[in-house]
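Taken in sequence, the protein lines are chains G and A.
No gaps in the numbering here: position 220 of the first sequence is 220 in the numbering used here, and each next residue is one more.
No gaps in the numbering here: position 203 of the second sequence is 203 in the numbering used here, and each next residue is one more.
If you're looking for bench data, these hints aren't it; they were derived computationally from the structure.
Because the structure is a prediction, the values reported are computed rather than measured.
Fair warning: there could be bad hints in the mix.
Pairs count within a copy or across copies, as identical chains cannot be separated in the list.
[To be verified] The list that follows gives simulated cross-link-like pairs (lysine-lysine, DSSO-like), each with its CA atoms no further than 30 Å apart: (1) K176 / K219; (2) K40 / K320; (3) K320 / K104; (4) K164 / K176; (5) K320 / K113; (6) K219 / K173.
There are 2 protein chains.
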Amino acid sequence: MFEYAIEAREGHARAGTFQTPHGEIRTPVFAPVGTQATVKTLTPVQVEELGATLVLANTYHLYLRPGDEIVRDLGGLHEFMQWPHPMLTDSGGFQVFSLSRMRKVDEQGVTFKSHIDGSTHQLTPEKSIAIQENLGADTIMTFDECADPHDRVYLEKAVERTHKWAERCLSSKNRKDQALFGIVQGGVFPELRTTSAEFISSLPFQGVAIGGLSVGETKADTLAMVALVNEILPEEKPRYLMGVGTPEDLIEEVRRGVDIFDCVLPTRLARHHSVFAPEGRLNLMNSIYMRDERPIDTTCDCYSCSHFSRAYLRHLITAKELLAGTLLSIHNLRALVRLMNEIRGYIIGGVFEERVPSLLARWSNNAKRIVNPS
Amino acid sequence: MFEYAIEAREGHARAGTFQTPHGEIRTPVFAPVGTQATVKTLTPVQVEELGATLVLANTYHLYLRPGDEIVRDLGGLHEFMQWPHPMLTDSGGFQVFSLSRMRKVDEQGVTFKSHIDGSTHQLTPEKSIAIQENLGADTIMTFDECADPHDRVYLEKAVERTHKWAERCLSSKNRKDQALFGIVQGGVFPELRTTSAEFISSLPFQGVAIGGLSVGETKADTLAMVALVNEILPEEKPRYLMGVGTPEDLIEEVRRGVDIFDCVLPTRLARHHSVFAPEGRLNLMNSIYMRDERPIDTTCDCYSCSHFSRAYLRHLITAKELLAGTLLSIHNLRALVRLMNEIRGYIIGGVFEERVPSLLARWSNNAKRIVNPS
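If we strip away everything but chain G, and leave its shape as in the complex, we get (with noise of 0.2 Å):
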């Protein structure tokens, strides 16, 4: 269990396959994320059809509601969530950080008051670990500090605490079917970044995530951190980017060696209007599309795509038609799973770095907004 088989190497870039105990999992691979047990607008279905192989459920958001206890009375999450496949939680520590009111850090772990109804709560990595084993995802991820990436005193020691905490995560740990990822952190400093891998590298994870980026730093900062990073990583173990990103992210990251992505950018687009597609992103509400018959992406085989004009697309969102945001998430969402399956090839193939320049050109469009040319 747990095997992590790369099957094609090309420069830093890798296609591999990672066995977990809910099937086998594709890398590179992009995740959609399932914050709250539902990735939202979808039923597991949809999520299936549209090619996705693995989810995310955030730990932060299912210990404060319905409780991880609950999820785990239920059966743990793929039950309780009607998703059969390879599952993946945070631990926390991400939301803990930007989501919750007067948190207070100590060697313990982080105190704080929930967004939802101001309750006070405390995350240790003890307690991670054990919400994590309640909710039961394939791949769970140890609880770390992340931190502003430019406060190097303050990451100094933010680091440090992690590595205690990443040590304390295994230490707890009970389950054997579980996959257990440490985190390495260190902002945009790269003697912290390098610190981090290091440490992270020596101990016995099944899987590295590269955490505290995306976060506000510049491109190149986060370019030049995972580059770092991945320099140091252990080959053997995937290696995952939590919280990344936009299609031409993707692409530059696995050219450095990431294996596994995750990011709620294609359903939060979707539930804004906003759709992936070859002429760059589009904002479906704009009326230039009021009798446009075309689909989103006359290549894209998803369902929305095979189905529906931009018309209709656009008439249920003036309207303010749920179905929308279900179509244009399954959409956006297909477009990145297509990418990754094709980027897979290409290494498999060995033709990736070959056809980079062709793949940014075709996503950098969509990295900005179309004008409104009406």
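Model the placement of chain A on the given structure of chain G, informed by the hints.
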């Protein structure tokens, strides 16, 4: 085309098959409502999978947004919303009287202000037919006046107007691939209903709708009017009771000779967290379902009941996840589709009347809300 073959009769109840250009409708049938060219929160595939054969859309809404000419130019309603099975549109009459502002009725038609943007519009019999021809449903309705069911003086004029409008609708109809149904009006007054049923029966419609009921009159009045009208209507044409109703209503009205029903109830209840269940109508937001491992209804074969626990559905509701609306809508619609299939089987088997008491006993619980015992 539009042949209505009655396969079995039991008392006034009928089981039949209505042929349309997009397939046959087995009656009695319950049609989900797709007001704005979407059954709220569901993809057409989900609507198909729950066993619906006929979907209704609203002329008033689609005329105002996105506009019937846009729907026509995009291939008509079936193509626009990707529903390949039979469809029905109402005439806009009911919504003009229930939703619009500042309406003025004269012999020509109704002038009103849009509930969306306050713009002024006029609907006439000719205009309603032209819009419905642009929309392209299989079955369309005459433009009628839906007045206060207890205002006898006003109703006499309204019924007369509705009859003149019915003749104008017949005269202005061009398409041969749409069935036109006349609408019987007359409030709660037997004489007016009789006059209207006789007049509408005398015209060459392919079916007859009973309008102006379930708008505030007593249930006894509704039942009496439907029974009276159906004694007069021609046996060989399908009968459609507009906007009805609860499961109990469906059972009682099939007994009185109705073939076709539509109602927003199942999807509206779903959006308010309520579901049809064996023990009565449940509000799944209730904390008693927090750990309830059972599906909504252990006897139901819908996607929701065959996959999800009440505890998970309650979690989605409390977490404000839109998937709740989807899963509850699937169940509520499937419950009524199954009820109609069951009734149809009983009529064909000649045991419907015998089963009515147990059907009513089972479904009477669903008329009331279950009081929170916790």
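### Task
Against the structure, test the hints numbered earlier, and report the numbers of the ones violated in rising order.
The structure conflicts with hints 1, 6, although it agrees with all the remaining ones.
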